[in-house]
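Novice: Residues per chain are reported as follows:
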Amino acid sequence: MSLLTINDLTVEFPTRRQLFTAVDHVDLSVEPGEIHGLVGESGAGKSTIGAAIMGLLDRPGRIASGTIKLSGDEISGLDTEAMRGLRGKKISMIFQDPLTSLNPLFTVREQLVETIQAHLGGSDAEVNKRARDLIDRVGIPDPDTRLDQYPHQFSGGMRQRVVIALALCTEPDVIIADEPTTALDVSVQAQILDLIKELATERQVGVILITHDMGVIADTTDKVTVMYAGKVVETGPTAQVMGQPSHEYTKSLIAAVPRPTLKLHRFPQISYGGRETRFAIDDMARHWPKVDNDTTKPVFEIRNLTKKFLQRKGLLPWDRTYFTAVDDVSFDIRAGEVFGVVGESGSGKSTVARMIAGLYPVDGGTITFEGQVVSDLTNRAALDAYRKNIQMIFQDPYSSLNPRMRVDDIVAEPIRHHKLMEGSDVKRRVDELLDQVGLGHEAGLKYPHEFSGGQRQRISIARALATQPRFLICDEPTSALDVSIQAQILNILKDLQEHLGLTLLFISHDLPVVRQMCDRVAVMKQGKVVELQETNDLFANPQTDYASELLRLMPRLDDLSTEGLSAEL
Amino acid sequence: MFAYIVRRMFQSVIVLLVVGLVAFSMFRFVGDPIDNMLGQERTQADIERLRTELGLDQPFPVQYFKFLQGAVQGNFGVSYRQGRPVSTIIAERAPATLELAFVSGFLAITLGIALGVFTAIRRQGVAANVIMTISLIGVSLPTFLIGILLIYIFSVELDLLPSFGRGETVKIGNWSTGFLTASGLKALILPAITLGLYQMTLIMRLVRSEMLEVMRADYVRFARARGLSDRVINFRHALKNTLVPVITITGLQLGSIIAFAIITETVFQWPGVGLLFINAIQFVDIPVMAAYLMLISVMFVTINLIVDLLYYAIDPRLRVDARAT
Numbered sequence: 001m002s003l004l005t006i007n008d009l010t011v012e013f014p015t016r017r018q019l020f021t022a023v024d025h026v027d028l029s030v031e032p033g034e035i036h037g038l039v040g041e042s043g044a045g046k047s048t049i050g051a052a053i054m055g056l057l058d059r060p061g062r063i064a065s066g067t068i069k070l071s072g073d074e075i076s077g078l079d080t081e082a083m084r085g086l087r088g089k090k091i092s093m094i095f096q097d098p099l100t101s102l103n104p105l106f107t108v109r110e111q112l113v114e115t116i117q118a119h120l121g122g123s124d125a126e127v128n129k130r131a132r133d134l135i136d137r138v139g140i141p142d143p144d145t146r147l148d149q150y151p152h153q154f155s156g157g158m159r160q161r162v163v164i165a166l167a168l169c170t171e172p173d174v175i176i177a178d179e180p181t182t183a184l185d186v187s188v189q190a191q192i193l194d195l196i197k198e199l200a201t202e203r204q205v206g207v208i209l210i211t212h213d214m215g216v217i218a219d220t221t222d223k224v225t226v227m228y229a230g231k232v233v234e235t236g237p238t239a240q241v242m243g244q245p246s247h248e249y250t251k252s253l254i255a256a257v258p259r260p261t262l263k264l265h266r267f268p269q270i271s272y273g274g275r276e277t278r279f280a281i282d283d284m285a286r287h288w289p290k291v292d293n294d295t296t297k298p299v300f301e302i303r304n305l306t307k308k309f310l311q312r313k314g315l316l317p318w319d320r321t322y323f324t325a326v327d328d329v330s331f332d333i334r335a336g337e338v339f340g341v342v343g344e345s346g347s348g349k350s351t352v353a354r355m356i357a358g359l360y361p362v363d364g365g366t367i368t369f370e371g372q373v374v375s376d377l378t379n380r381a382a383l384d385a386y387r388k389n390i391q392m393i394f395q396d397p398y399s400s401l402n403p404r405m406r407v408d409d410i411v412a413e414p415i416r417h418h419k420l421m422e423g424s425d426v427k428r429r430v431d432e433l434l435d436q437v438g439l440g441h442e443a444g445l446k447y448p449h450e451f452s453g454g455q456r457q458r459i460s461i462a463r464a465l466a467t468q469p470r471f472l473i474c475d476e477p478t479s480a481l482d483v484s485i486q487a488q489i490l491n492i493l494k495d496l497q498e499h500l501g502l503t504l505l506f507i508s509h510d511l512p513v514v515r516q517m518c519d520r521v522a523v524m525k526q527g528k529v530v531e532l533q534e535t536n537d538l539f540a541n542p543q544t545d546y547a548s549e550l551l552r553l554m555p556r557l558d559d560l561s562t563e564g565l566s567a568e569l
Numbered sequence: 001m002f003a004y005i006v007r008r009m010f011q012s013v014i015v016l017l018v019v020g021l022v023a024f025s026m027f028r029f030v031g032d033p034i035d036n037m038l039g040q041e042r043t044q045a046d047i048e049r050l051r052t053e054l055g056l057d058q059p060f061p062v063q064y065f066k067f068l069q070g071a072v073q074g075n076f077g078v079s080y081r082q083g084r085p086v087s088t089i090i091a092e093r094a095p096a097t098l099e100l101a102f103v104s105g106f107l108a109i110t111l112g113i114a115l116g117v118f119t120a121i122r123r124q125g126v127a128a129n130v131i132m133t134i135s136l137i138g139v140s141l142p143t144f145l146i147g148i149l150l151i152y153i154f155s156v157e158l159d160l161l162p163s164f165g166r167g168e169t170v171k172i173g174n175w176s177t178g179f180l181t182a183s184g185l186k187a188l189i190l191p192a193i194t195l196g197l198y199q200m201t202l203i204m205r206l207v208r209s210e211m212l213e214v215m216r217a218d219y220v221r222f223a224r225a226r227g228l229s230d231r232v233i234n235f236r237h238a239l240k241n242t243l244v245p246v247i248t249i250t251g252l253q254l255g256s257i258i259a260f261a262i263i264t265e266t267v268f269q270w271p272g273v274g275l276l277f278i279n280a281i282q283f284v285d286i287p288v289m290a291a292y293l294m295l296i297s298v299m300f301v302t303i304n305l306i307v308d309l310l311y312y313a314i315d316p317r318l319r320v321d322a323r324a325t
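If you read the protein sequences in the order shown, they are chains A and B. Quick note on numbering: the first sequence equals residues 1 to 569 in the UniProt record's numbering. Quick note on numbering: the second sequence equals residues 1 to 325 in the UniProt record's numbering.
Worth flagging that the hints you see were computed from the coordinates, not collected in a lab. Where hints are given, some of them may not hold.
[What the hints assert, rightly or not] If we take Cβ atoms under 10 angstroms as the criterion, some of the chain A residues that face chain B in the derived model are:
1) F95
2) R109
3) L264
4) L359
5) V362
6) T366
7) T368
[As the list claims (entries may be wrong)] Calculated Cβ distances over 10 angstroms to all of chain A for the following chain B residues:
8) R28
9) Q63
10) G70
11) S155
12) E168
13) D218
14) R221
15) S229
16) V232
17) H237
18) N241
19) I263
20) N279
21) D315
The C-beta atom is built at its ideal place from N, Cα and C for all residues, glycine as well.
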């Protein structure tokens with residue numbers, strides 16, 4: 001008998017207009033000690049299954065049919081009280097973002113103790129000992145001191161360990177981990193996944209691992225269920241599903257995953273479901289001013305770039321302390337190349353990009369753009385002329401577009417700001433751009449919230465191209481997107497580089513993506529560039545320990561099917 | 001922490017100085033006190049003499065400086081109208097205002113938070129919706145109108161409560177209190193409700209919206225997933241997080257309870273400093289006005305300091321930063 005069995009589960013969300021079926025006749029079973037992956041794109045219904053098991057469906061969602069059984073007992077029909085007894089005791093949950101899933105106003109000890117007391121009770125001494133043992137077990141050093149600290153005193157990875165300790169409080173049978181490592185760095189991700197694997201084996205807990213990351217699935221899970229639009233499309237042992245996918249959707253999903261070992265010319269796009277959107281690069285190239293990229297000359301020469309942030313304010317200069325975010329960084333970016341910057345969060349990659357874009361003033365060193373020093377420009381006209389050539393695409397397509405502005409105004413803003421056109425020309429240009437990025441000019445009349453993440457990133461691209469820049473800064477442009485959408489956006493960026501002669505600064509923490517996109521890569525660590533190489537050389541033969549460590553931690557996708565992929569010649 | 005308090009005190013002093021300066025520059029426009037002080041048979045010489053005597057012939061920065069000199073020593077001058085030291089007059093009147101402000105502040109905070117939490121938790125309930133609708137009245141009606149309405153209903157029609165004054169008071173040292181007599185307590189009810197109603201509805205609506213926000217937070221979902229009871233989630237996890245922003249607004253509002261007491265005191269003829277101030281304006285009693293304005297700003301500044309210290313007590317994130325700096 002399986003530990004957790006889901007039979008024919010359907011979850012519906014009645015809305016004013018229609019009934020939305022989030023989960024559609026799904027079957028799933030988990031054995032003790034097994035890690036069962038649940039994979040699919042956003043909106044596929046993965047998290048809804050987790051919420052349904054916990055009895056925590058958001059209103060007005062409801063289980064329309066089917067049963068959920070835990071060790072043979074049906075739990076789907078239980079009342080609120082009985083369900084609360086199970087929650088945390090028999091079934092626990094780990095959320096995506098460890099920064100927000102702990103209450104900031106209570107110490108770790110308080111949160112552990114209240115959970116243990118809610119389910120097991122016991123004397124204060126017993127409860128506290130149990131809390132200490134848990135913190136120790138999840139690998140947090142110095143448990144006695146750490147217990148009495150507040151969540152903000154822990155790093156992201158350590159917080160996720162606390163969250164896991166909380167989930168383990170009462171020896172649950174099943175743990176639902178909803179994107180447990182999405183918000184973490186690669187190195188920390190590997191540690192957390194290892195911990196989950198260990199605990200599953202050691203305590204014979206069944207784990208449902210919900211993720212959109214195929215690398216995590218391939219590395220961690222025993223079995224996997226692939227979901228698409230609320231339905232299970234394929235299920236089976238991980239090696240089999242990843243190696244010889246039988247369903248068309250699984251095949252296309254796997255094909256869209258960037259590989260660390262195989263450089264492709266273009267990403268295959270997910271064709272399943274017919275959602276591909278055209279990007280009219282030829283049309284765009286016809287109207288683009290001709291650029292002659294002299295590839296021997298650098299567009300940017302960055303020399304000894306330094307940025308310090310005030311960490312502690314003080315009236316007197318010697319009272320202030322600074323945090324050096326970027327420390328003596330030098331590199332060149334050649335015309336027409338895609339220059340990658342990789343590193344963990346806090347390594348200073350985004351700060352470098354912002355200084356190049358002129359968003360942060362430079363504290364030391366120089367930035368030279370096409371022979372002209374731009375880092376000390378104060379003249380408004382000169383600065384504007386420079387900025388016209390530099391545009392930026394940000395990570396989060398949700399917060400980088402003003403929700404109160406219509407899309408055509410968003411795209412027209414840089415044109416108007418730089419006074420490139422006037423009157424009806426602006427509108428014509430905006431319509432043209434929206435057509436070219438594949439949204440259609442009627443999209444201009446809508447507001448950003450009416451678009452999906454991928455479509456919003458296309459709006460960002462249209463906005464960035466509005467001034468016909470020479471240089472694009474892409475700061476993690478796809479890390480908030482699903483693989484299939486990521487593939488589309490990356491293809492667009494490649495087109496821009498190839499057909500329009502744009503030079504790209506590409507910042508990412510995702511090494512396989514960098515491998516696909518970049519010609520040369522700088523590896524940053526604690527504000528310094530520790531290694532700078534041609535991409536292929538870096539992946540084949542890293543020179544520093546740090547780079548090899550990063551490469552080692554990268555999810556190995558060797559087991560993934562390579563059907564439909566053709567390597568770049 | 002200590003350095004922080006010292007810095008805040010320093011800032012407070014600057015705020016007080018600026019308030020005083022602004023006040024003094026305004027006094028020139030409220031009228032000429034001499035007009036009220038001398039009778040019909042005044043001569044130009046009398047006017048000049050009195051003006052020099054009171055120091056009103058000097059430019060206002062000099063007057064301000066002299067006021068400060070006195071204030072530092074606890075001497076706020078002599079009231080033009082009553083001819084008695086201002087500090088004595090204010091000391092007589094302050095207990096009435098402070099008691100009124102305390103009662104209405106207490107009502108506003110306790111009821112405001114309790115109702116805010118209630119309406120947030122039972123968002124769909126009938127009672128919660130009724131309370132929310134009524135609270136709109138509290139927010140939108142002006143204070144004096146509420147006061148007059150209450151007087152009409154409870155004093156004129158029902159004849160339950162007194163419509164003006166403090167009732168009987170008992171003197172404890174220099175402090176005259178209305179808390180110890182039945183008529184004093186009865187007299188407090190209407191003015192306290194009038195003064196506190198607006199603050200209460202404001203706090204309630206604020207608590208409600210903050211609470212709804214917090215209830216959506218990940219840590220509340222996680223607390224639910226850990227199987228904690230609703231009581232623990234609502235009152236331990238959610239309420240404490242709700243209080244952080246609520247404290248800011250509440251602090252400012254408590255300051256304005258004292259400041260707005262002017263209107264309530266006028267409506268109910270409450271013998272407090274607000275009424276004193278209104279009378280002082282009519283007679284251009286500059287020493288009284290100056291002292292009153294300083295008193296109000298001292299209270300605002302003190303309340304804000306307390307609010308900032310409460311942040312530290314509630315939010316550990318600030319505590320650690322403070323230790324690091």
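Novice: Does each hint fit the structure? Answer for all of them.
Specialist: Cross-check of the supplied hints:
1. The restraint placing F95(A) at the interface with chain B holds, with a minimum CB-CB distance near 6 angstroms, inside the 10 angstroms limit.
2. Here the hint on R109(A) is broken, as its CB sits about 13 angstroms from the closest CB of chain B, past 10 angstroms.
3. The beta carbon of L264(A) comes no nearer than 37 angstroms to any beta carbon in chain B, farther than 10 angstroms, and the hint placing it at the interface is violated.
4. Hint status for L359(A) relative to chain B: violated, with the closest Cβ pair at about 25 angstroms, above 10 angstroms.
5. At about 26 angstroms, the closest approach between the beta carbon of V362(A) and any beta carbon in chain B exceeds 10 angstroms, and the interface hint on this residue is violated.
6. Annotation: interface hint on T366(A) violated; nearest CB of chain B at approximately 33 angstroms, more than 10 angstroms.
7. Taken as an interface hint, T368(A) does not check out: its beta carbon lies about 38 angstroms from the nearest beta carbon of chain B, beyond 10 angstroms.
8. Every C-beta of chain A lies more than 10 angstroms from that of R28(B), the closest at about 36 angstroms, which supports listing it as non-interface.
9. Residue placement check: Q63(B) keeps its beta carbon more than 10 angstroms from all beta carbons of chain A (closest about 33 angstroms).
10. The beta carbon of G70(B) is kept farther than 10 angstroms from every beta carbon of chain A, the shortest such distance being approximately 32 angstroms.
11. Distance check for S155(B) against chain A: the nearest CB is about 46 angstroms away, which clears 10 angstroms, and the non-interface claim stands.
12. Against chain A, the non-interface label of E168(B) holds: every CB pair exceeds 10 angstroms, the least being about 46 angstroms.
13. Taking the minimum C-beta to C-beta distance to chain A, about 4 angstroms, the non-interface status of D218(B) is violated against the 10 angstroms cut.
14. Non-interface status of R221(B) relative to chain A is broken: a Cβ of that chain comes within 10 angstroms, the nearest being about 7 angstroms off.
15. The claim that S229(B) lies off the interface is violated: its Cβ sits roughly 7 angstroms from the closest Cβ of chain A, which falls inside the 10 angstroms cut-off.
16. The claim that V232(B) is not at the interface with chain A is violated, since a C-beta of that chain comes within 10 angstroms of its own (minimum 7 angstroms).
17. Some Cβ of chain A comes within 10 angstroms of the Cβ of H237(B); the nearest lies about 5 angstroms off, and the non-interface call is violated.
18. Distance check on N241(B): its Cβ comes as close as 6 angstroms (rounded) to a Cβ of chain A, failing to clear the 10 angstroms threshold; non-interface status is violated.
19. Its beta-carbon lying about 38 angstroms from the closest one in chain A, I263(B) satisfies the requirement of being farther than 10 angstroms from that chain.
20. The claim that N279(B) lies off the interface holds: its Cβ sits roughly 45 angstroms from the closest Cβ of chain A, which is beyond the 10 angstroms cut-off.
21. With 10 angstroms as the threshold on Cβ separation, the claim that D315(B) sits away from chain A is violated: the shortest Cβ distance comes to roughly 6 angstroms.
Comparing the model with each earlier hint shows violations of hints 2, 3, 4, 5, 6, 7, 13, 14, 15, 16, 17, 18 and 21; every other hint is respected.
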